[in-house]
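A.B. asks: Residues per chain are reported as follows:
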Amino acid sequence: MIYLDLLIGFLEVGFFSFGGAYAAIPLIRDVVMAHGWLDDEMLSYMIAISESTPGPIMVNMATYVGSLKGGVLGAIIATSAVVLPAFFIIILIMVMLKKLLQNAIVKAALSGLKPCIIGIILATGLLMIIKNCKITATGSFDLLTLCLTAAIAVLYFGSRKLMKKGLSPIMLICISAIVGIVAYGI
Amino acid sequence: MMALLELFFTFAKVGMFTFGGGYAMLSLIENVCVEEKKWITHDEMMNITVIAESTPGPIAINCATYVGYKKGKMIGAIAATLGMVLPSFVIIYVISRFLDGFLEITWVAHAFLGIKIAVGILIVDAALKMLKNMKKRPMQLSIMICSTVAMILISAFSLRISSMLLMVAAAFVGILIYEINNFFKKEKPGK
Numbered sequence: 001m002i003y004l005d006l007l008i009g010f011l012e013v014g015f016f017s018f019g020g021a022y023a024a025i026p027l028i029r030d031v032v033m034a035h036g037w038l039d040d041e042m043l044s045y046m047i048a049i050s051e052s053t054p055g056p057i058m059v060n061m062a063t064y065v066g067s068l069k070g071g072v073l074g075a076i077i078a079t080s081a082v083v084l085p086a087f088f089i090i091i092l093i094m095v096m097l098k099k100l101l102q103n104a105i106v107k108a109a110l111s112g113l114k115p116c117i118i119g120i121i122l123a124t125g126l127l128m129i130i131k132n133c134k135i136t137a138t139g140s141f142d143l144l145t146l147c148l149t150a151a152i153a154v155l156y157f158g159s160r161k162l163m164k165k166g167l168s169p170i171m172l173i174c175i176s177a178i179v180g181i182v183a184y185g186i
Numbered sequence: 001m002m003a004l005l006e007l008f009f010t011f012a013k014v015g016m017f018t019f020g021g022g023y024a025m026l027s028l029i030e031n032v033c034v035e036e037k038k039w040i041t042h043d044e045m046m047n048i049t050v051i052a053e054s055t056p057g058p059i060a061i062n063c064a065t066y067v068g069y070k071k072g073k074m075i076g077a078i079a080a081t082l083g084m085v086l087p088s089f090v091i092i093y094v095i096s097r098f099l100d101g102f103l104e105i106t107w108v109a110h111a112f113l114g115i116k117i118a119v120g121i122l123i124v125d126a127a128l129k130m131l132k133n134m135k136k137r138p139m140q141l142s143i144m145i146c147s148t149v150a151m152i153l154i155s156a157f158s159l160r161i162s163s164m165l166l167m168v169a170a171a172f173v174g175i176l177i178y179e180i181n182n183f184f185k186k187e188k189p190g191k
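Chains as they are written, first to last, in our numbering: chain A, 1 to 186; chain B, 1 to 191.
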């Protein structure tokens, strides 16, 4: 029964995907391959679609596979399955949070975790810029993208100096979509 | 009721514009929930990030559930999470049904190349904002620098090491240093 398979398959993804979508891709790959839902080529296309459309990547993948395999009901089941574990775990943590955060050992662990996560996020951003600009160890790079990255960064951080609030991330995304259409179109 | 609708639509707006996964979204959530609506503080935002990272599931969902629960308990959590999921659900459903070669459309592909540039910058910005609010003691700074370098090396050599491992190690270092400090405090009871 496809609906039950989708439910169990994506509950599994929802429960065991620590550290965001990119860490979860191998897990998702195992699940969709094991059920024969997608082949390797379809999977890469789906990852590309999930990355380039808004919303959490894992949710996008669940909706996509669910819709392909079980229509609108399949999409709803797969999406709910991937969301529910995170939802209930967070509720559980929220209920216990006050006590948890007062525990000395938890505090000590957090004092190490926080800077580590900032480092991971910083590295993820830098790696993304490096990948966008196709910078390699041999020193080659994509000049156009590098210039665009510099220009958009100056615009974003500069707008904060000039204007009171600066550009919002949403505005920045809209602007760079238009910049992309124009700059890569010619 | 108004508060619930506000939660729903705020997260629907965030959901509409979060390209490139959870980290890029942190910048948006920070912008909307901390700076604009003042629903949570910078400190709480940092806590949410840590919790979202160390629990399973999409980071965006973890954040939405957290803020929703804080503002409106269970119903608030449901409203915020639904808001977060709904835009991408509709978009992906339409693409999966009707748009076979969606990414092959030239101007769409170009727009996404542009968006990817913004996403990289937004992720770096999210990290820099958190760094600004971090306690800059030697331990914190060295853990931060080590994990940045480690992540870049892991990627450069395509090692199959999960960032979870880095996080576990960092938590362990935090506990270790706390215990060492405790030990020395006990040694000198006069202080």
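For the record, the hints were derived by calculation from the structure and aren't laboratory data. Any given hint could be a false lead.
In silico DSSO-like links for lysine-lysine, alpha-carbon gap of 30 Å or less [unchecked claim]:
#1 B:Lys186 / A:Lys165
#2 B:Lys132 / A:Lys165
#3 B:Lys38 / A:Lys164
#4 B:Lys135 / A:Lys98
#5 B:Lys70 / A:Lys164
#6 A:Lys99 / B:Lys132
#7 B:Lys185 / A:Lys99
#8 A:Lys161 / B:Lys132
#9 B:Lys185 / A:Lys161
#10 A:Lys164 / B:Lys186
#11 A:Lys164 / B:Lys185
#12 B:Lys73 / A:Lys134
#13 A:Lys99 / B:Lys136
#14 B:Lys135 / A:Lys164
#15 B:Lys135 / A:Lys99
#16 A:Lys107 / B:Lys135
#17 B:Lys136 / A:Lys165
#18 B:Lys70 / A:Lys99
#19 B:Lys13 / A:Lys164
#20 B:Lys13 / A:Lys107
#21 A:Lys98 / B:Lys132
#22 B:Lys37 / A:Lys164
#23 B:Lys38 / A:Lys107
#24 A:Lys161 / B:Lys186
#25 B:Lys185 / A:Lys165
#26 B:Lys37 / A:Lys165
#27 A:Lys161 / B:Lys73
#28 A:Lys131 / B:Lys132
#29 A:Lys107 / B:Lys37
#30 B:Lys73 / A:Lys164
#31 B:Lys185 / A:Lys98
A.B. asks: Look at each hint and say if it fits the structure.
C.D. replies: Each hint, compared with the structure:
With a C-alpha separation of about 49 Å, the suggested pairing of Lys186 of chain B with Lys165 of chain A is violated against the 30 Å cut-off. For the hint pairing Lys132 of chain B with Lys165 of chain A, the CA-to-CA distance comes to about 17 Å; that is within 30 Å, so the pair holds. At roughly 17 Å between alpha-carbon atoms, Lys38 of chain B and Lys164 of chain A fall within 30 Å of each other, so this suggested pair holds. Simply put, Lys135 of chain B and Lys98 of chain A have alpha-carbon atoms about 21 Å apart, close enough for the 30 Å limit, and the pair holds.
Taking the CA atoms of Lys70 of chain B and Lys164 of chain A, the gap is near 29 Å; set against the 30 Å cutoff, the hint holds. Annotation: proposed proximity of Lys99 of chain A to Lys132 of chain B holds, straight-line Cα distance about 27 Å (limit 30 Å). Between Lys185 of chain B and Lys99 of chain A the CA atoms are separated by roughly 25 Å; this keeps the pair inside 30 Å, and the hint holds. At roughly 16 Å between alpha-carbon atoms, Lys161 of chain A and Lys132 of chain B fall within 30 Å of each other, so this suggested pair holds.
Using a Cα cut-off of 30 Å, the hinted pair Lys185 of chain B and Lys161 of chain A is violated, with the two alpha carbons roughly 46 Å apart. The hinted pair formed by Lys164 of chain A and Lys186 of chain B fails the criterion: a straight-line CA distance of about 50 Å is larger than 30 Å. Proposed proximity of Lys164 of chain A and Lys185 of chain B is contradicted: the alpha carbons are some 47 Å apart, above 30 Å. At roughly 45 Å between alpha-carbon atoms, Lys73 of chain B and Lys134 of chain A are farther apart than 30 Å, so this suggested pair is violated.
Of the supplied pair hints, the one linking Lys99 of chain A and Lys136 of chain B holds, its CA atoms being roughly 26 Å apart against a limit of 30 Å. Straight-line distance between C-alpha atoms of Lys135 of chain B and Lys164 of chain A comes to about 26 Å, which keeps the hinted pair within the 30 Å bound. Taking the CA atoms of Lys135 of chain B and Lys99 of chain A, the gap is about 22 Å. The hint holds against a cut of 30 Å. A hinted pair counts as satisfied when its Cα atoms are at most 30 Å apart, and Lys107 of chain A with Lys135 of chain B qualifies at roughly 13 Å.
For the hint linking Lys136 of chain B to Lys165 of chain A, the alpha-carbon distance of about 26 Å falls within 30 Å, and the restraint holds. Only pairs whose Cα atoms come within 30 Å are accepted, and Lys70 of chain B paired with Lys99 of chain A is accepted, the gap being roughly 16 Å. For the suggested pair Lys13 of chain B and Lys164 of chain A, the alpha carbons sit about 22 Å apart, so the restraint of at most 30 Å is met. Between the alpha carbons of Lys13 of chain B and Lys107 of chain A the distance comes to roughly 33 Å, so the proposed pair goes past 30 Å and is violated.
A hinted pair counts as satisfied when its Cα atoms are at most 30 Å apart, and Lys98 of chain A with Lys132 of chain B qualifies at roughly 25 Å. Between Lys37 of chain B and Lys164 of chain A, the direct Cα distance comes to roughly 16 Å. Compliance with the 30 Å bound is thereby established for this hinted pair. Between Lys38 of chain B and Lys107 of chain A the CA atoms are separated by roughly 25 Å; this keeps the pair inside 30 Å, and the hint holds. With a C-alpha separation of about 49 Å, the suggested pair Lys161 of chain A and Lys186 of chain B falls outside the 30 Å cut-off, and the hint is violated.
For the suggested pair Lys185 of chain B and Lys165 of chain A, the alpha carbons sit about 46 Å apart, so the restraint of at most 30 Å is broken. In summary, the hint linking Lys37 of chain B to Lys165 of chain A is supported, as the alpha carbons are separated by about 14 Å, within the 30 Å threshold. Taken as a hint, the Lys161 of chain A and Lys73 of chain B pair is broken in the structure, with Cα atoms around 38 Å apart against an allowance of 30 Å. At most 30 Å may separate the alpha-carbon atoms for a hinted pair to count; Lys131 of chain A and Lys132 of chain B meet this at roughly 26 Å.
Taking the CA atoms of Lys107 of chain A and Lys37 of chain B, the gap is about 28 Å. The hint holds against a cut of 30 Å. Our distance criterion of 30 Å between C-alpha atoms is broken by Lys73 of chain B and Lys164 of chain A, whose separation comes to about 34 Å. In summary, the hint linking Lys185 of chain B to Lys98 of chain A is supported, as the alpha carbons are separated by about 27 Å, within the 30 Å threshold.
Hint compliance for this structure: hints 1, 9, 10, 11, 12, 20, 24, 25, 27 and 30 are not met, and every other hint is.
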